[in-house]
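Residue-level listing of the chains:
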Amino acid sequence: MKTVASSLLSGFIFGLGLAVSQMIDPARVIGFLDVAGRWDATLLFVMGGALAVTVPGFPVILSRPHPLLAPKFSLPAKTEIDRPLIIGAAIFGVGWGLAGFCPGPALAALASLSPSVVLFVAAMIAGQWLASRVELRSRGASQTVCDDGGQL
Amino acid sequence: MTEPNLIGGLIGGGLIGLASLLLLAVNGRIAGISGILSGLVTGGMPGDRLWRSAFLAGLVAGAGAYALVRGGLPLHFQAQGLWLILAGLLVGFGTRISSGCTSGHGVCGLARRSPRSLLATMTFIFVAVITVFLYRHVFR
Numbered sequence: 001m002k003t004v005a006s007s008l009l010s011g012f013i014f015g016l017g018l019a020v021s022q023m024i025d026p027a028r029v030i031g032f033l034d035v036a037g038r039w040d041a042t043l044l045f046v047m048g049g050a051l052a053v054t055v056p057g058f059p060v061i062l063s064r065p066h067p068l069l070a071p072k073f074s075l076p077a078k079t080e081i082d083r084p085l086i087i088g089a090a091i092f093g094v095g096w097g098l099a100g101f102c103p104g105p106a107l108a109a110l111a112s113l114s115p116s117v118v119l120f121v122a123a124m125i126a127g128q129w130l131a132s133r134v135e136l137r138s139r140g141a142s143q144t145v146c147d148d149g150g151q152l
Numbered sequence: 001m002t003e004p005n006l007i008g009g010l011i012g013g014g015l016i017g018l019a020s021l022l023l024l025a026v027n028g029r030i031a032g033i034s035g036i037l038s039g040l041v042t043g044g045m046p047g048d049r050l051w052r053s054a055f056l057a058g059l060v061a062g063a064g065a066y067a068l069v070r071g072g073l074p075l076h077f078q079a080q081g082l083w084l085i086l087a088g089l090l091v092g093f094g095t096r097i098s099s100g101c102t103s104g105h106g107v108c109g110l111a112r113r114s115p116r117s118l119l120a121t122m123t124f125i126f127v128a129v130i131t132v133f134l135y136r137h138v139f140r
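Chains as they are written, first to last, in my numbering: chain A, 1 to 152; chain B, 1 to 140.
If we strip away everything but chain B, and leave its shape as in the complex, we get (with noise of 0.2 angstroms):
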């Protein structure tokens, strides 16, 4: 990997900051990314199924569209194959289970001071350190 990107780190964290915001001031809700697509894969009533659907277009037209400025959207893989399957049923799993996800919890309940939130925070954060330390220097 190259250098960290603390720069451009502060910068996005900023518009994702920004973009919580706008969501709740206008819509009145949380810009949780694990919530809004379950609110779709579980049905949901028709005019909240929109907004939904159309925050989800809007995150990956975000993406795109800073992929087409800057020529390309570099991705690389830890997990491949079975293991990315695994690792992504698990993400979907865990973050309904527990009501949320990294902009949930860490960036939208942290902000609204919400003791559930700081606990989910600090132990997704403390699993995923000791997964990644037994995936990469224990198993390896």
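In isolation and in its complexed conformation, chain A is listed as follows (with noise of 0.2 angstroms):
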């Protein structure tokens, strides 16, 4: 129970994140998306302040044997470059460059009971799924790798 109760807040902290620096208004990601239009550097900064706490603060949590609350740490197992990994980020670039929308802020943005949010997010939903469909007619039998279904 102790482990939903921290999930519950890293998730509010998130969301709150979220709307603190304006990253839910696709608006604000678009302008740093449009180079040639009047940029907004805002979603850079973002990245900077995520990244100044989790760059020095990652190896240090990952140097311990297990988290506080669980029996070991679940990181994503693969390692190598691939081609789903390269040709997947750039549908979801596509998706991302035409709605300003990436997932965090789209189901944040859910707070705000907007018709085109949950429009956006049910098409996620469905991508998603579809792409499991796919995953599971491409992998075959043979696999044996544990596979978390999407660590990440």
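No lab work stands behind these hints, which were simulated from the structure alone.
Virtual Cβ for every residue (Gly too), placed ideally from N, Cα, C.
Among the hints, a few may not be true.
Each pair of labels, with its calculated beta carbon distance range [said to hold, decoys possible]:
{"no.": "1", "chain 1": "B", "residue 1": "Gly-44", "chain 2": "A", "residue 2": "Ile-87", "range": "39 to 47 angstroms"}
{"no.": "2", "chain 1": "A", "residue 1": "Lys-78", "chain 2": "B", "residue 2": "Phe-126", "range": "18 to 26 angstroms"}
{"no.": "3", "chain 1": "B", "residue 1": "Val-138", "chain 2": "A", "residue 2": "Leu-44", "range": "38 to 46 angstroms"}
{"no.": "4", "chain 1": "B", "residue 1": "Ala-65", "chain 2": "A", "residue 2": "Ala-126", "range": "27 to 35 angstroms"}
{"no.": "5", "chain 1": "B", "residue 1": "Val-69", "chain 2": "A", "residue 2": "Pro-115", "range": "17 to 25 angstroms"}
{"no.": "6", "chain 1": "B", "residue 1": "Leu-134", "chain 2": "A", "residue 2": "Ser-138", "range": "39 to 47 angstroms"}
{"no.": "7", "chain 1": "B", "residue 1": "Val-138", "chain 2": "A", "residue 2": "Val-60", "range": "42 to 50 angstroms"}
{"no.": "8", "chain 1": "B", "residue 1": "Val-69", "chain 2": "A", "residue 2": "Ile-87", "range": "23 to 31 angstroms"}
{"no.": "9", "chain 1": "B", "residue 1": "Pro-115", "chain 2": "A", "residue 2": "Ala-41", "range": "22 to 30 angstroms"}
{"no.": "10", "chain 1": "A", "residue 1": "Ala-126", "chain 2": "B", "residue 2": "Val-138", "range": "45 to 53 angstroms"}
Residues on chain A that point at chain B, a partial pick, calculated with CB under 10 angstroms [stated by the list, open to error]:
{"no.": "11", "residue": "Ala-27"}
{"no.": "12", "residue": "Asp-34"}
{"no.": "13", "residue": "Val-35"}
{"no.": "14", "residue": "Arg-64"}
{"no.": "15", "residue": "Ala-70"}
{"no.": "16", "residue": "Lys-72"}
{"no.": "17", "residue": "Pro-84"}
{"no.": "18", "residue": "Ile-86"}
{"no.": "19", "residue": "Ala-90"}
{"no.": "20", "residue": "Gly-93"}
{"no.": "21", "residue": "Gly-95"}
{"no.": "22", "residue": "Trp-96"}
{"no.": "23", "residue": "Ser-116"}
{"no.": "24", "residue": "Val-121"}
{"no.": "25", "residue": "Gly-127"}
{"no.": "26", "residue": "Trp-129"}
Just so you have them, the derived chain B footprint on chain A, three or more residues with Cβ under 8 angstroms [as the list claims (entries may be wrong)]:
{"no.": "27", "stretch": "4-18"}
{"no.": "28", "stretch": "36-46"}
{"no.": "29", "stretch": "50-62"}
{"no.": "30", "stretch": "99-110"}
Two chains, two frames, a set of hints: combine them into the complex.
Rendered as structure tokens:
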């Protein structure tokens, strides 16, 4: 139960951060991506602010034998650069550029109760489901590597 | 759009980093939103669904709390209707195939010094910049 509480708190702080930085507003994100328009550096500062915490913090945490309330760290197992990584990132980039929404801000923006956000999130969930079907089909029965279904 | 929100961006980014540290330190999990969501979309164990649901509920509540205090959550959309649906499909499909989004690859992956995450982050930012250029300056 404590792990659920910490997860809830982490999500709350994350959502607050998205709102405070205004990354929740697609126009902010488009402003950053639109290098030929009136460029908005806000997203760069958000990434900078986040990395200023995680870059020094992660190694300290990961040097511990296990998390505070879990038996082990659940980290992505894949290390090789493969086609799905690049193709998937490119497909994501097209969608991100069209809408100015990536998964975090889109889900947090549900708080606005805007029908447009609900529409986008529904489509995003459908897209993830479709991708999981494609993955199932392309993955052979010989696959034995433990895949926890998109750790990141 | 108004002036860049640089101070708010730094503070908000710091909060996002702090949330990622908390989830990793206590639950041993990566705060990657697309991955947390896709674990719910494609099933998984009951105990696994609980922390994922709690995180996403917290995410919406955090933004909602801000909206309550500040009297709203201004959103300005570039795409509408079918374009928005297409964009959502692409974001969902792409993040699932590449195992991560802006938070998982961008914030957490880079902090783990993952070459996969660095390459994914450079790819989606580059492609998004090209997409916005085409959408706003070529086809308009």
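Range hint compliance [Cβ, B/Val-69 to A/Pro-115, 17 to 25 angstroms]: holds (24 angstroms)
A range of 45 to 53 angstroms was offered for this pair. Does it hold for the Cβ distance of A/Ala-126 and B/Val-138? violated (28 angstroms)
Confirm or reject the claim that B/Val-69 and A/Ile-87 have a C-beta distance inside 23 to 31 angstroms. violated (41 angstroms)
Given hint A/Asp-34 near chain B, where the shortest CB pair must fall under 10 angstroms: A/Asp-34 check passes; min Cβ-Cβ to chain B is 5 angstroms, inside 10 angstroms.
May I ask you to test the hint 42 to 50 angstroms on the CB atoms belonging to B/Val-138 and A/Val-60? Cβ of B/Val-138 to Cβ of A/Val-60: about 46 angstroms, so the range 42 to 50 angstroms holds.
Restraint satisfaction for A/Ala-90 [CB to CB of chain B, less than 10 angstroms]: It holds, given that the least Cβ distance between A/Ala-90 and chain B is near 5 angstroms, below 10 angstroms.
Chain B contact restraint on A/Ala-70 - CB to CB distance below 10 angstroms: Status holds, d = 4 angstroms.
Under 10 angstroms is the threshold here; is the Cβ of A/Val-121 close enough to any Cβ of chain B for the hint to stand? Holds. Min distance 7 angstroms.
Between B/Leu-134 and A/Ser-138, does the C-beta distance stay in 39 to 47 angstroms? The hint (39 to 47 angstroms, Cβ to Cβ) is violated, given that B/Leu-134 and A/Ser-138 are roughly 29 angstroms apart.
Lying within 22 to 30 angstroms: is that true of the beta-carbon distance B/Pro-115 to A/Ala-41? holds (26 angstroms)
Using 10 angstroms as the Cβ threshold, decide whether A/Trp-96 counts as touching chain B. holds (4 angstroms)
Verdict for B/Gly-44, A/Ile-87 (Cβ pair) under range 39 to 47 angstroms: Given a distance of about 25 angstroms, which is not inside 39 to 47 angstroms, the answer is violated.
This entry does not satisfy hints 1, 3, 6, 8, 10, going by the numbered hints stated previously.
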